[in-house]
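Number of protein chains: 2
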Amino acid sequence: MSSEPLQPPPDRTVARPHVVILGGGFAGLHCARALRRAPVDVTLVDRRNYHLFQPLLYQVATASLSPADIASPIRSILKRVRNVQVWLGEAIGVDVENRVVELKDGRLEYDYLVVATGVTHAYFGHEEWAGRAPGLKTVDDALEIRRRFLLAFEAAEREADPASRRRLLTFVIVGAGPTGVELAGSMVEIARQSIPRDFRFIDTASARVILVEGADRVLPGYPPDLSASARRQLERLGVEVRTGAIVTDIGEGVHIGEEVIPAGNVYWAAGVAASPLAASLDAPLDRSGRVLVESDCSVPRHPEVFVLGDLAHIQQDGEPLPGVAQVAIQSGRHAGRMIRYDLARRPREPFRYRFWGNLATIGRAAAVADFGRVRFGGYLAWLVWVFVHILKLIGFRNRILVMIQWAWAWLTYQRGIRLITGSPEVQLERSRSSRDA
Amino acid sequence: MSSEPLQPPPDRTVARPHVVILGGGFAGLHCARALRRAPVDVTLVDRRNYHLFQPLLYQVATASLSPADIASPIRSILKRVRNVQVWLGEAIGVDVENRVVELKDGRLEYDYLVVATGVTHAYFGHEEWAGRAPGLKTVDDALEIRRRFLLAFEAAEREADPASRRRLLTFVIVGAGPTGVELAGSMVEIARQSIPRDFRFIDTASARVILVEGADRVLPGYPPDLSASARRQLERLGVEVRTGAIVTDIGEGVHIGEEVIPAGNVYWAAGVAASPLAASLDAPLDRSGRVLVESDCSVPRHPEVFVLGDLAHIQQDGEPLPGVAQVAIQSGRHAGRMIRYDLARRPREPFRYRFWGNLATIGRAAAVADFGRVRFGGYLAWLVWVFVHILKLIGFRNRILVMIQWAWAWLTYQRGIRLITGSPEVQLERSRSSRDA
Numbered sequence: 021m022s023s024e025p026l027q028p029p030p031d032r033t034v035a036r037p038h039v040v041i042l043g044g045g046f047a048g049l050h051c052a053r054a055l056r057r058a059p060v061d062v063t064l065v066d067r068r069n070y071h072l073f074q075p076l077l078y079q080v081a082t083a084s085l086s087p088a089d090i091a092s093p094i095r096s097i098l099k100r101v102r103n104v105q106v107w108l109g110e111a112i113g114v115d116v117e118n119r120v121v122e123l124k125d126g127r128l129e130y131d132y133l134v135v136a137t138g139v140t141h142a143y144f145g146h147e148e149w150a151g152r153a154p155g156l157k158t159v160d161d162a163l164e165i166r167r168r169f170l171l172a173f174e175a176a177e178r179e180a181d182p183a184s185r186r187r188l189l190t191f192v193i194v195g196a197g198p199t200g201v202e203l204a205g206s207m208v209e210i211a212r213q214s215i216p217r218d219f220r221f222i223d224t225a226s227a228r229v230i231l232v233e234g235a236d237r238v239l240p241g242y243p244p245d246l247s248a249s250a251r252r253q254l255e256r257l258g259v260e261v262r263t264g265a266i267v268t269d270i271g272e273g274v275h276i277g278e279e280v281i282p283a284g285n286v287y288w289a290a291g292v293a294a295s296p297l298a299a300s301l302d303a304p305l306d307r308s309g310r311v312l313v314e315s316d317c318s319v320p321r322h323p324e325v326f327v328l329g330d331l332a333h334i335q336q337d338g339e340p341l342p343g344v345a346q347v348a349i350q351s352g353r354h355a356g357r358m359i360r361y362d363l364a365r366r367p368r369e370p371f372r373y374r375f376w377g378n379l380a381t382i383g384r385a386a387a388v389a390d391f392g393r394v395r396f397g398g399y400l401a402w403l404v405w406v407f408v409h410i411l412k413l414i415g416f417r418n419r420i421l422v423m424i425q426w427a428w429a430w431l432t433y434q435r436g437i438r439l440i441t442g443s444p445e446v447q448l449e450r451s452r453s454s455r456d457a
Numbered sequence: 021m022s023s024e025p026l027q028p029p030p031d032r033t034v035a036r037p038h039v040v041i042l043g044g045g046f047a048g049l050h051c052a053r054a055l056r057r058a059p060v061d062v063t064l065v066d067r068r069n070y071h072l073f074q075p076l077l078y079q080v081a082t083a084s085l086s087p088a089d090i091a092s093p094i095r096s097i098l099k100r101v102r103n104v105q106v107w108l109g110e111a112i113g114v115d116v117e118n119r120v121v122e123l124k125d126g127r128l129e130y131d132y133l134v135v136a137t138g139v140t141h142a143y144f145g146h147e148e149w150a151g152r153a154p155g156l157k158t159v160d161d162a163l164e165i166r167r168r169f170l171l172a173f174e175a176a177e178r179e180a181d182p183a184s185r186r187r188l189l190t191f192v193i194v195g196a197g198p199t200g201v202e203l204a205g206s207m208v209e210i211a212r213q214s215i216p217r218d219f220r221f222i223d224t225a226s227a228r229v230i231l232v233e234g235a236d237r238v239l240p241g242y243p244p245d246l247s248a249s250a251r252r253q254l255e256r257l258g259v260e261v262r263t264g265a266i267v268t269d270i271g272e273g274v275h276i277g278e279e280v281i282p283a284g285n286v287y288w289a290a291g292v293a294a295s296p297l298a299a300s301l302d303a304p305l306d307r308s309g310r311v312l313v314e315s316d317c318s319v320p321r322h323p324e325v326f327v328l329g330d331l332a333h334i335q336q337d338g339e340p341l342p343g344v345a346q347v348a349i350q351s352g353r354h355a356g357r358m359i360r361y362d363l364a365r366r367p368r369e370p371f372r373y374r375f376w377g378n379l380a381t382i383g384r385a386a387a388v389a390d391f392g393r394v395r396f397g398g399y400l401a402w403l404v405w406v407f408v409h410i411l412k413l414i415g416f417r418n419r420i421l422v423m424i425q426w427a428w429a430w431l432t433y434q435r436g437i438r439l440i441t442g443s444p445e446v447q448l449e450r451s452r453s454s455r456d457a
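In order, the protein sequence lines correspond to chains X and S.
With this note's numbering, you'll find the first sequence wraps up at 457, consecutive numbering, no jumps.
With this note's numbering, you'll find the second sequence wraps up at 457, consecutive numbering, no jumps.
One chain only, chain X, in its complex shape (with noise of 0.2 Å):
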């Protein structure tokens, strides 16, 4: 690449300062926001052009839903928001003496900078379990999980050898959180309930959908009732949940100690990682890599620099607040109103994140559902869940859409979005010679 400056600067004529975001996720697109009637200058920066609905992906995974569906294009959500440009580029460092960040192609100098890249999954110290277990962060991970569990079934209904059949169709997801808990939900029911009926030689009933999580229950987050009851509604839709299991190695199967699960599928739901972006902030981490940030979300010594969301580690009551939508949100909100009290010389105040509540879906008519002193778990706590993520998704469109899917798969059992993208053939032998590697 080409050193020079292709980006025209933004007009620094007129003396405004000059806010960079770096990341289009929650936290970022609600900082944007808070900036909307601010004296500034807003540049936010993502390697995507479309922000997503995370708590959905792995409805995409599950072929529930297209990527489309749970994703917008940033400068469609900001284009009345008239003090942002939009910048498809890669952040690879921030030099914060001088204020400037470095991109790809690129540098942009900055008078505050708001850093909210968020996290990657995590094999703690294993990354060659990488292309064994693939995890769910970005779409193309849901595609490739989505490929690899569609392909399975395919794969199984050419299998002549029993071992190799019930290996290809055992599906094991390593962490219990709540999207190990989500994806255990949905694969069971697809294997079930949808496609059955669409194979001639095997029993896509019988695949066995195994949940393996370290802690001693399921939802570790959550309350011990919810947890309790996430595990009885996954049990009862045949996932089989081993709990107080610690995985030692990933390679032919699963390994748990000395016992060895053949599975031909493994996902990855335990651990997350902060971007590396945060190595280069000259701030101290925590043992994830997240920035432990004062409490209005700025960094030590910085003041002009805000770290956000799941990246950054804050501190309430002696505990991190947890990586959830609702911390990037509020966190987001709070920066860009830190910025605001700063250009009208008002003191900062600390940010203090506002529970609203907690919500997991495990399947058809199944949840949980924590809000604080009330807590549910059931039909009820899914209904729940159903409507405030219809009302959170991003854009009139996407709601209808989804809605009208989620009807759809309701009514019928089925699931829409069951291709199989990319090099299904290269795939399938992937799959099936992988039994003899």
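Simulated from the structure, these hints should not be mistaken for laboratory data.
There may be inaccurate statements among the hints.
Output of the computed footprint for chain S on chain X, the stretches with three or more beta carbons under 8 Å from beta carbons of chain S [to be verified]: (1) 77-91; (2) 95-105; (3) 216-224.
A few chain S positions that, by computed beta-carbon distances, are all more than 10 Å from chain X [to be verified]: (4) Gln74; (5) Val116; (6) Ala150; (7) Ser226; (8) Arg256; (9) Glu260; (10) Glu272; (11) Asp306; (12) Gly309; (13) Asp316; (14) Pro323; (15) Ala364; (16) Arg372.
With a Cα cut of at most 20 Å, we get these calculated EDC-like pairs of lysine to aspartate or glutamate [said to hold, decoys possible]: (17) X:Lys99 / S:Asp223; (18) S:Lys99 / X:Asp218; (19) X:Lys157 / X:Glu147; (20) X:Lys99 / X:Asp61; (21) S:Lys99 / S:Asp61; (22) S:Lys157 / S:Glu147; (23) S:Lys99 / X:Asp223; (24) X:Lys99 / S:Asp218.
Quick reminder that beta carbons are idealized off the backbone N, C-alpha and C, glycines included.
The hints should help you fit chain S onto chain X, whose structure is shown.
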């Protein structure tokens, strides 16, 4: 790959003829359905697990529809046709003497063979153009075109040099058949109506969309008055139409004789070549590699082998039939019927294509319709086009979703699927650095 037969062979204890169908497009699917009550076992082989409604594929390329809106799993479509089994696999050759299909990972014996593997794009001996000018035959092709088209605007927004910017915003479509016309119309609409307000620096409406055609008119397969109507409609939308223009090279730009159009993006809608499988059939081929079939669509000297759809060169009234969906559907039904005739010891009949009409859409409220004696263009043709395509889509769910998305696009002028998937950052670099290449 191991060469052991992995697949369970069809149950040959009952002496039912085995029909192997290669390809799950219109022809293969309709042939399988026509054999529903026949005393045969059918194996349908396709590289993809889904049937694609090809006439709307350009809408995936131009950000109006998601792949899943126009695709359905072949298994689901045929799940009630109990004598059909569906195989994900790729045929690489046919041994017509021994009646065996060679798959990439196995082999299949047949009593009847139906080859309906279609066509792919061809670059008239310039295969090196493939990387520079992607064609539109598969879902992956469509996503690649969509990615390049959307990336061009993103790169232009960050491009300071006016000449490079102009080049990025120049789109050339080679070939003015239905696909080329549809792509050109949609692309100019996106640039002029959907996205202008999303960008801060560039005027997307200044983008040039140039449709290049070697023949002396657009839609050469249509009657001349409709070609003229299509051209008027295209030009009204803002497409630059260049007929009688032969592309001699594609590199930094598109070469038409001595003239070079500097264009960052070129799309190929000009030529097709038969699936390479045709060559292994021991049958006469035409110039594009299509099989010259007998009047009943079977291969000369091999009445047990049928070639259908786009892959077949079917003469009728001294003219080859066009590569359109109706020919594929009708020839598929015919082949199924002829197999039933054979089993009932009834003499075969020649295939007779019944012309229902031809429709090509150009853009919002613009289309041409050719129903033989009745021909018209404009709004009415567009309404007919919308109605017919909704009706012909496979699956109630797909119909509903496509209708909603079209209605939404009609009302808002927006395109719902403006996602750049894959690796945008890499591609952005590529599209920008190519100007120095």
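* To do: Find the nearest Cβ of chain X to the Cβ of S:Gln74 and say whether that gap is larger than 10 Å.
  => Holds, since 15 Å exceeds 10 Å.
* Asked: Quick one, are S:Lys157 and S:Glu147 close enough, alpha carbons at most 20 Å?
  -> holds, 16 Å
* Asked: Is it true that the CA of X:Lys157 sits at most 20 Å from the CA of X:Glu147?
  -> holds, 16 Å
* Asked: Can we trust that S:Asp316 is non-interface, i.e. its beta-carbon lies farther than 10 Å from all of chain X?
  -> Check passes; 30 Å lies beyond 10 Å.
* To do: Taking the shortest Cβ-to-Cβ distance between S:Ala364 and chain X, state whether it exceeds 10 Å.
  => holds, 26 Å
* Holds or violated: X:Lys99 with X:Asp61, Cα cutoff 20 Å? -> At roughly 14 Å apart (the allowed maximum being 20 Å), X:Asp61 and X:Lys99 satisfy the hint.
* To do: Check whether three or more residues of the segment 216-224 of chain X sit with their beta carbon closer than 8 Å to a beta carbon of chain S.
  => holds (count 5)
* Asked: Within a Cα-Cα threshold of 20 Å, do X:Lys99 and S:Asp218 meet the stated pairing?
  -> Holds, at about 5 Å.
* **Interface-negative label, S:Asp306 against chain X, beta-carbon threshold 10 Å** => holds, 28 Å
* Taking 10 Å as the cut and beta carbons as the points, is S:Arg256 off the interface with chain X? -> S:Arg256 clear of chain X: closest Cβ-Cβ about 26 Å, beyond 10 Å.
* To do: Sort out whether X:Asp218 lies within 20 Å of S:Lys99, counting only the CA atoms.
  => Answer holds: S:Lys99 to X:Asp218 is near 5 Å, not above 20 Å.
* Verify that the Cβ of S:Gly309 lies farther than 10 Å from every Cβ atom of chain X, and report whether the claim holds or is violated. => holds, 21 Å
Violated hints for the displayed structure: none, as all numbered hints are satisfied.
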